[in-house]
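Peer 1: Chain by chain, the residues:
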Amino acid sequence: MSSLVIAGQQLNSRLLVGTGKYRDFALMREAIAASGAEVVTVSIRRVEVGAAGHQGLLEALDWQRLRVLPNTAGARTAEEALRLARLGRALTGSDWVKLEVIPDPTYLLPDPIDTYRAAEVLLQEGFVVLPYIGPDPVLALRLARLGCATVMPLASPIGSGQGLKNRAMLEIFAQQRSLLPPIVVDAGLRWPSEAAGVMELGADAVLVNTAIAEAQDPVSMAAAFSQAVQAGRMAYLAGPMPERAFASPSSPAQGVPLPQPETPL
Amino acid sequence: MVWINGQAVEAEGKSLSEVVEELCSQQGISPDAVAVLLNDEIWVKGRWPARPLAEGDVVEIVAMMQGG
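So the protein sequences, as listed, match chains E and D.
Under the working numbering, the first residue of the first sequence carries the number 1, and numbering increases by one thereafter.
Under the working numbering, the first residue of the second sequence carries the number 1001, and numbering increases by one thereafter.
Keep in mind that the hints were calculated from the coordinates and are not lab data.
Just so it is clear, CB atoms sit at the ideal spot from N, CA and C, and this is done for glycine as well.
Misleading hints may appear alongside valid ones.
[To be verified] Label pairs and their calculated CB-CB ranges:
| id | chain 1 | residue 1 | chain 2 | residue 2 | range |
| --- | --- | --- | --- | --- | --- |
| 1 | D | 1047 | E | 23 | 28 to 38 Å |
| 2 | D | 1028 | E | 27 | 15 to 25 Å |
| 3 | D | 1049 | E | 167 | 47 to 57 Å |
| 4 | D | 1025 | E | 167 | 49 to 59 Å |
| 5 | D | 1032 | E | 126 | 19 to 29 Å |
| 6 | E | 94 | D | 1028 | 20 to 30 Å |
| 7 | D | 1021 | E | 179 | 49 to 59 Å |
| 8 | D | 1049 | E | 7 | 24 to 34 Å |
| 9 | E | 235 | D | 1025 | 50 to 60 Å |
[As the list claims (entries may be wrong)] Calculated cross-link-like contacts (lysine to any residue; reagent style SDA-like; alpha-carbon spacing at most 25 Å):
| id | chain 1 | residue 1 | chain 2 | residue 2 |
| --- | --- | --- | --- | --- |
| 10 | D | 1014 | D | 1003 |
| 11 | E | 21 | D | 1005 |
| 12 | D | 1045 | E | 63 |
| 13 | D | 1045 | E | 65 |
| 14 | E | 21 | E | 159 |
[Claimed, not checked] Only part of the chain D face toward chain E is listed, based on derived beta-carbon distances under 7 Å:
| id | residue |
| --- | --- |
| 15 | 1005 |
| 16 | 1023 |
| 17 | 1061 |
Sequences and hints are given; from them, build the entire structure.
Peer 2: Okay, here's the thing in structure tokens:
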């Protein structure tokens, strides 16, 4: 099965995962290992007395094996995203950035105009930009032309667990995949079957955080997502059977050992 | 007053290195694990500017945190 390539980097896993919302680092570490993911997202936050989360995150994960993807979560404007992206690069040493520009706290929907503006500047500054976007295929094409390394359309609002609400639009993404960088479906998934579903459509990868971290058993759920993403990818490559309006028997229609001669009913 | 992570602190005259090390030791993290914005200029990995902090300086000390 072919590998995912983002900005020239070959990745063996088509599942990317977040590090947020875990009860503790030990569980996070185990779940990330079970997911098989190589790319993990982190946020950039103030070091504050008593704040949970940053204590030891650097030490909690094996950064020799994992590729860190700092995000710009918390940015409400392009300018704020630039500030977070630059800090993320300084902190992690990675040029990769998951660009999030989110002015709306209720639905956490990304601002397409400021996302585009920020992407333009970050690309000029040598960043590898992975923009989080609404399910807008036109915006995706514009960001592709700009030189973004992926497009990351949302399946439904972040952390909502509403699943594949934007299926119809993601189908258009998949139909345009020859014009796009890797399509990484991000946000809103709840079940591994939904991840398999977007992979079957032709998405290149899936990014999952809450569905794993808030599962009752995050480690098992991480493994389930891993298998689902692989199954969906294999199914996409295998190609589905044609759909028919009527049933088509799987067993031969001839040679049924019914009493002979058959009598009409 | 110096603004450190959004709070007004009496830190004029202290070096950035002192401020960072103080906060990092409170949090039990390495100063190498943080980046600092001093008046919108980025400093990292222990390579802090030598000048003492002055009235009105704005300092942001950040680290990697869990996120999606």
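Peer 1: Decide, hint by hint, whether the structure agrees.
Peer 2: Consistency of the hints with the structure:
1. Between residue 1047/D and residue 23/E the CB atoms are about 36 Å apart, so this pair conforms to the stated range of 28 to 38 Å.
2. At about 20 Å, the CB distance of residue 1028/D to residue 27/E agrees with the hint of 15 to 25 Å.
3. Checked against the hint of 47 to 57 Å, the pair residue 1049/D and residue 167/E passes, with Cβ atoms roughly 52 Å apart.
4. Distance hint check for residue 1025/D and residue 167/E: the Cβ-Cβ separation is about 51 Å, which falls inside the suggested range of 49 to 59 Å.
5. Restraint check, residue 1032/D to residue 126/E: a C-beta distance of roughly 23 Å satisfies the suggested window 19 to 29 Å.
6. The beta-carbon spacing between residue 94/E and residue 1028/D, approximately 24 Å, falls within the hinted interval of 20 to 30 Å.
7. Checked against the given bound of 49 to 59 Å, the beta carbons of residue 1021/D and residue 179/E, roughly 51 Å apart, stay inside it.
8. Residue 1049/D and residue 7/E have their C-beta atoms about 33 Å apart, which keeps the hinted 24 to 34 Å range intact.
9. A hinted range of 50 to 60 Å holds for the C-beta pair residue 235/E and residue 1025/D, which are about 53 Å apart.
10. For the given pair, residue 1014/D sits about 13 Å from residue 1003/D by alpha-carbon distance, which is consistent with the 25 Å threshold.
11. Of the pairs offered as hints, the one joining residue 21/E and residue 1005/D holds, with about 23 Å between alpha carbons and a cut-off of 25 Å not exceeded.
12. Note on residue 1045/D and residue 63/E: the hinted pairing holds, with a Cα-Cα distance of about 17 Å set against a maximum of 25 Å.
13. The suggested pairing of residue 1045/D with residue 65/E holds, with an alpha-carbon distance near 22 Å, which does not exceed 25 Å.
14. With a CA separation close to 10 Å, the supplied pair residue 21/E and residue 159/E stays within the 25 Å bound.
15. Below 7 Å, beta-carbon pairs count as interface contacts, and residue 1005/D has one with chain E at about 4 Å; its hint therefore holds.
16. The interface hint given for residue 1023/D is met, as the beta carbon of that residue sits about 6 Å from the closest beta carbon of chain E, less than 7 Å.
17. The closest approach between the C-beta of residue 1061/D and any C-beta of chain E is roughly 5 Å, which is under the 7 Å cut-off, so the hint is satisfied.
Violated hints are absent here; each numbered hint is respected by the structure.
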